[in-house]
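**Q** What follows is each chain in one-letter form.
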Amino acid sequence: MWRYVVPLAIFLVIGVFFYRGLSLNPNYVPSPLVGKPTPVFSLPSLTDPEAVVSSETLRGQVALVNVWGTWCVECRHEHGFLVELARAGMPIYGLNVKDDRAAAIEWLARLGNPYVSSGFDPEGRAAVDWGVTGAPETFLIGSGTILHKHISPLTPQVWRRDFLPLLREHCGSTDCPFLAAVGGP
Amino acid sequence: MKALTWLATLWLGLASSALAIDTEVAFDDPVLNERYRSLIREIRCPKCLNESIAESNAPVATDLRREVRRLIGEGASDDEVKTFLSSRYGEFVLYRPRVSQTTLALWAAPFVFLLIGGFVFWRILAVRQNQPMDEDFPP
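As given, the protein sequences belong to chains A and B, one line each in that order. Here the working numbering is used: the first residue of the first sequence is 65, the next is one more, and so on. Here the working numbering is used: the first residue of the second sequence is 29, the next is one more, and so on.
Looking at chain B on its own, in the form it has when it is part of the complex (with noise of 0.2 Å):
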């Protein structure tokens, strides 16, 4: 029973944690703001392995949310943003990165897996086809 209070309370203590970044209200018209918040959440912090700049607290994740705030404000389309962004820090930023030359093999993985994946399915049902069925019932 101690060990779970203790659990939960540690449980409770990294959930606020990590909830305490940047819960500032960025812009009063919520249109705004939940565009923000979706933009945030599909920028790749630059510095951190794996987290998102609404995620992390690093200096320049912070740094990067201001200039979010500030293109949003100015009436920066999400893409225009994506682009301020991607030109500074790569196209590492990008949670989606967009189709080009270097990103189109990451891009076409998933259906080439699934043409693969096809194609051998395909193959095991045509050689079971070819398979006497029910062997063990007689007819």
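Okay, chain A solo, but in the shape it has when bound (with noise of 0.2 Å):
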């Protein structure tokens, strides 16, 4: 009897453990820092290297913070709906990692810009504090904590699915008057 039980549950056991890993996604490596304040970083704005964009800018703000790159075609594919969320009101701020400024400048004069302001950071530095892997990936902010981090491009579908939900539970009736333009239908 044992003889035909233990090797069947052991196949059982294994074979749950390998059903589950078909649908993971190896590549999803959950960040430490959601639900953890925002990091503290200072970068010069890029249209404006006068200008800093640090965490003293995002204070207390609902918002979206973007990694974006010239050199990344995925961020090419989400700049569209960054800049129709920005003309719905969302407050959204660029980190532009490892690029060239003149490029990066040209490429928002040419798409569109998105974002209210956003931190040039070639070498990566302050990416790393933000735990970021590479480009694009987008987080969500409100006072002070990192309420969601996605890693891919913002689509309408992952906005809808992740992102409004949790706006909705985060934002009082007056912290975000952009969030009805944002809802969508």
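Quick caveat, the hints were computed from the structure, so don't treat them as lab data. Hints may contain errors.
Distance windows between CB atoms, simulated [said to hold, decoys possible]:
1. B:G145 - A:R84: 18 to 26 Å
2. B:N78 - A:F145: 30 to 38 Å
3. A:R140 - B:V140: 43 to 51 Å
4. A:L228 - B:V140: 42 to 50 Å
5. B:A154 - A:M65: 16 to 24 Å
6. A:R84 - B:V148: 45 to 53 Å
7. A:F75 - B:V59: 45 to 53 Å
8. B:N61 - A:P94: 28 to 36 Å
9. A:F75 - B:D106: 35 to 43 Å
Facing chain A, according to a computed beta carbon distance under 10 Å, are these residues of chain B, among others [to be verified]:
10. P74
11. L77
12. A86
13. P87
14. T90
15. E95
16. L113
17. S114
C-beta atoms are modelled at their ideal positions from N, C-alpha and C, and glycine is treated no differently.
Since each chain comes alone in its own frame, lean on the hints to assemble the complex.
**A** Listed below in structure tokens is the structure:
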């Protein structure tokens, strides 16, 4: 009896793990920063080297922080949607990583600038403090905390599925005047 | 023979490209350099599947190597370097994750399996002991 039950049980347990593994994304690495205070950083602004984009700039805001670069193909894909969100009133801050200043400014001029301002981080130092592994990545921040991190392009589907519920949950009616506009239909 | 030469060339090509990543001497002090070398072999690149930041040429691996160099240069201990990285990228980046609630199963598993194996081994021995030995040979 045991001779049959034990191997079967082992098989079933292993089978469950393997089956689960089939639908897991091996590239998904949860960020330990979600739920933690926004990292302290200070960068020159992309468009105005005299100005500073820092953790102070973000203080107290409900906003998106979007990691981008002109070298990043997927950033080009999500750019249109970012512009749309910005038009609807969503504050978006850029973290321009490992980029060439002139190329980045040209990109914004050509495709539209969805960012309130972009920090210019050619060496990716602030990016390390944000736990950035590449681009595009988008953080939702509120009350000085990282509420959510999304890796890969921000699409309307992802926005509705992951960002909106958190935004609704986090926003008091006065906090986010843009909520209705970015809420879609 | 031709195929062999071809294979050798290919192998050499692959080997040299693997060596090409971050071969520069990071520190003049050989002790620091050795610490740096062994640390970056223990940090997993967060963007790549199972490559250490010593092996990977992903941009993020370059960044993390730079951060490790900077921290060691500033006099941080190995543990402080690991805390710095894991607080930003998660326990994922440590090839030897620290014992915590989430990693307890990982650390305990080998011992649990050893116990199970030992138990099975003991059971088999116990059963065999009750069987007559050397049936084929007459006394």
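**Q** None of the hints should be skipped; say for each whether it holds.
**A** Structure-based check of each hint:
Range check, G145 of chain B to R84 of chain A: about 25 Å between beta-carbon atoms, so the 18 to 26 Å window is met. Take N78 of chain B and F145 of chain A: their Cβ atoms lie about 33 Å apart, and the range 30 to 38 Å holds. Judged by the Cβ atoms, the range 43 to 51 Å given for R140 of chain A and V140 of chain B holds: they are separated by roughly 49 Å. Between L228 of chain A and V140 of chain B, the C-beta spacing of about 43 Å keeps the proposed range 42 to 50 Å intact.
The hinted window of 16 to 24 Å between A154 of chain B and M65 of chain A holds, with their beta carbons roughly 18 Å apart. The hint said 45 to 53 Å for the Cβ distance between R84 of chain A and V148 of chain B, and at roughly 26 Å that hint is violated. Taken as a hint, the range 45 to 53 Å holds for the pair F75 of chain A and V59 of chain B, whose Cβ atoms sit roughly 51 Å apart. As the Cβ distance of N61 of chain B to P94 of chain A is approximately 33 Å, the hint placing it in 28 to 36 Å holds.
For the pair F75 of chain A and D106 of chain B, the beta carbons lie near 42 Å from each other, so the given range of 35 to 43 Å is met. Hint status for P74 of chain B: holds, given a least beta-carbon distance of 5 Å to chain A, under 10 Å. Look at L77 of chain B: its Cβ gets to within about 6 Å of chain A, closer than 10 Å, so that hint holds up. Given hint, A86 of chain B at the interface with chain A, holds; its Cβ is 8 Å from that chain's nearest Cβ, closer than 10 Å.
Interface restraint check for P87 of chain B: the shortest CB-CB distance to chain A comes to about 6 Å, inside 10 Å, so the restraint holds. Contact between T90 of chain B and chain A, as hinted, is supported at the beta carbon level, the nearest pair being about 8 Å apart and thus within 10 Å. With a least beta-carbon distance of about 6 Å to chain A, the hint placing E95 of chain B at the interface is held under the 10 Å criterion. Look at L113 of chain B: its Cβ gets to within about 9 Å of chain A, closer than 10 Å, so that hint holds up.
Annotation: interface hint on S114 of chain B holds; nearest CB of chain A at approximately 7 Å, less than 10 Å.
Checked against the numbered hints listed earlier, the structure breaks hint 6 alone; every other hint is satisfied.
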